[in-house]
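Colleague: With chain A fixed as given, assemble chain B onto it according to the hints.
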Amino acid sequence: MRRYFLIITPYFWLISLFVIPFLIVIRISLSDPEISIPPYTPILSLEEGWSGLLQFLRQLDLDNYIFLTQDALYWKAYLSSLRIAAFSTIIALFVGFPIAYGMAKVQRKWQTTLLILIILPFWTSFLIRVYSWIGILSTEGYLNQVLLGLGIINQPLTLLNTPFAVYVGITYTYLPFMVLPIYASLEKLDYSLLEAAEDLGCSQISAFWLITVPLCRAGILAGCFLVFIPTLGEIIIPSLLGGSNTLMIGKVLWEEFFNNRDWPVASAVAVILLIILIIPIVLFQRNEQKQQDLGTR
Amino acid sequence: MKRYSWFNVTSLAAGFAFLYLPILILIIYSFNENRLVTIWAGFSTKWYVELFQNELFLDAAWVTLQVAVISSTVATVLGVMAAYVLIRAGRFWGQTLFSGLIYAPLVMPEIITGLSLLLLFIGIGLDRGITTIVLAHTTFSMCFVSVVVSSRLVLFDRSLEEAALDLGCTHWQAFQLVTLPNILPAIISGWLLAFTLSLDDLVIASFSAGPGATTLPIRIWSSVRLGVSPEINALSTILIGFVTFGIILASLISKWKSLSNSTDL
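Chains A and B, in that order, are what the protein sequence lines are.
Counting in the numbering used here, the first sequence runs from 103 upward without gaps.
Counting in the numbering used here, the second sequence runs from 1128 upward without gaps.
Since the hints were derived computationally from the structure, they do not count as laboratory data.
Among the hints, a few may not be true.
As the list claims (entries may be wrong) - Going by beta-carbon spacing under 10 angstroms, a handful of chain B positions derived as facing chain A:
#1 Ser1132
#2 Gly1142
#3 Phe1143
#4 Phe1145
#5 Val1204
#6 Ala1216
#7 Gly1221
#8 Ala1231
#9 Thr1240
#10 Trp1299
#11 Asn1360
Virtual Cβ for every residue (Gly too), placed ideally from N, Cα, C.
The following block holds chain B by itself, in its conformation from the complex:
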């Protein structure tokens, strides 16, 4: 029985207004003519034009994109390996430590992860730049990927793999032909999660970035600390637009896939 009441409707409406109004206001006021962000003075796209002429932001966006693509890809490979080991490898020496190591970075405060990685990079004399940010992001992203993939791998029927092995497949072939297609959706969402986490990260990137490599969140952070600015509003709108577009695309693809799957059956 589902009961429908004014209380439920009001709490949902208020809740979603709370979640979405701030973002909506941000988007609307990014088209504000006025340099004083909070006072409306007419429609204008000039802050977008200024943003695209700002070398600092463009450079930072490029660095961020490079870091995100490389780190999420490496993290996906390592995360899938780790998930496979957790669920399928059976018992091995140091297994408890291994699963602990996969979960620990998820609950470790970012600031401690960042601090410790910086001390390591300085200790071994690694110059801070894109490489160090990639190493840092890969380390925490792989754990998220591994959690996403292993939750799918647990549900996947092992006897299918065994059947493939009985029929003469090698372990690698069985993985490639049977396991991989089945866990592919989880791998893709793991990659997307790693990608977003990398795009979004400020704290760990601040510790592991060097003078030559500033990511977008670091750039936003240093300008936001001085207060609101119309350029940041424009940049935020673009970023929100990208994410919304990506999510809509992903949900359309999964809908389309589930439709085509159901017609296959």
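Looking at chain A on its own, in the form it has when it is part of the complex:
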């Protein structure tokens, strides 16, 4: 009896506050704007049996999805999100890998401290961390002041409200997600393998490419997915740092919902975003599963 209580309480919570809401999104994405005004009539009524079901199904249409393919704004926003997420992931990898590598190589007593220092920003507000870059990148900002003061530039650069600012913001906020899995895999690396390679005449650089990189492939992949997946639906960073020039689907969805109040289209945008995300999520899961299988073997 107690066992059922334990199972049913969280189950019920997640069904009613996670599954059902999402079904409503799908339902509204398939209906006309008038129907999306609460209480979302007609709701599927089971009393009428098959005819009720047929009636319900007949009301659904793909108009909103067709609209998405016709309006260039949307597919451009999806493509631009994918591009920004992919670029940022690569940048984060290039910034994060040396940090993880350095961390794995320092003395063990320092490693815990460095680990805490990597995780610490994660506990401070995401919004504040993004906000801190506005002051740095704006035209009168700190970076321009420094560059002007050093005589490197004569005129302030436009950095804020450009894609560059978005890349910086994403790399900055998601860097711990990249560093931690790579560090974890580098830390487990058997360094005698590298010594053996060098004894056998391998240069340090080729030993790195032939041994270190393949052996921490899973960590690198995990880091990339952990940056790529949340970046794709990001809203805060493109809104604060990207200005009106940066198109990302999360921002479009937000504006569609809050400014245009077009709920069916916003719902359709959300459904497609999720469909796009399924691929990296499944690949990520598979990568993690492989890791676990290797660990238990």
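Modeller: For chain B alone, coordinates are given in the frame of chain A:
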């Protein structure tokens, strides 16, 4: 063999400078006299004084705190239940769906979670306010708690529970006397994680908040969109101070506990 090289030192120094300089600049310039945030005009604490006279921010901070305490506590209870079910309940009908449901909210983009919850709240005619934000935050936080707690529960030796049961404990007693003390550190870190996630959340809160209940991130967001402001710098410094203090406290406690444990042995 640990090799020490200039490359490693430089990459670590540059990496940590990149991570910490922006926050450091923010803190320093929160004590700037000038209303133009980026131009230094002397030391002053006047923005802190103004912040504490700003009713809007104080109200928002109070709402945020209430939401965070309630949602993280409910989420911890539900998350521990879910973790226990995942690791200990054996097979039951719909188990795959259950574990899928625990992991799905972790990868679901916030914006979709927020949108879908709003549509639900409107659909069932629930007025948006503190209650709806709590419901929304509890839903995603419980999954984080459950992941943290179940990773600890997996490592915990089941035979200890069985021994307690053999010696006449009821299931509840075995949980209370044997399992709970062992997974308590994970429960505490789960609660802290849920608390921080709730304090920090902007996207889901924006969807589930109503006119009467504005959380701090929503308030910050609406003022930050207009650009940098010295008051926000001051507020950020206070928030960063709180978190740093909390983390230092937590690590001191865990150090102290591990020390006292090792002397016990």
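Colleague: Output the numbers, in ascending order, of every earlier hint that fails for this structure.
Modeller: none
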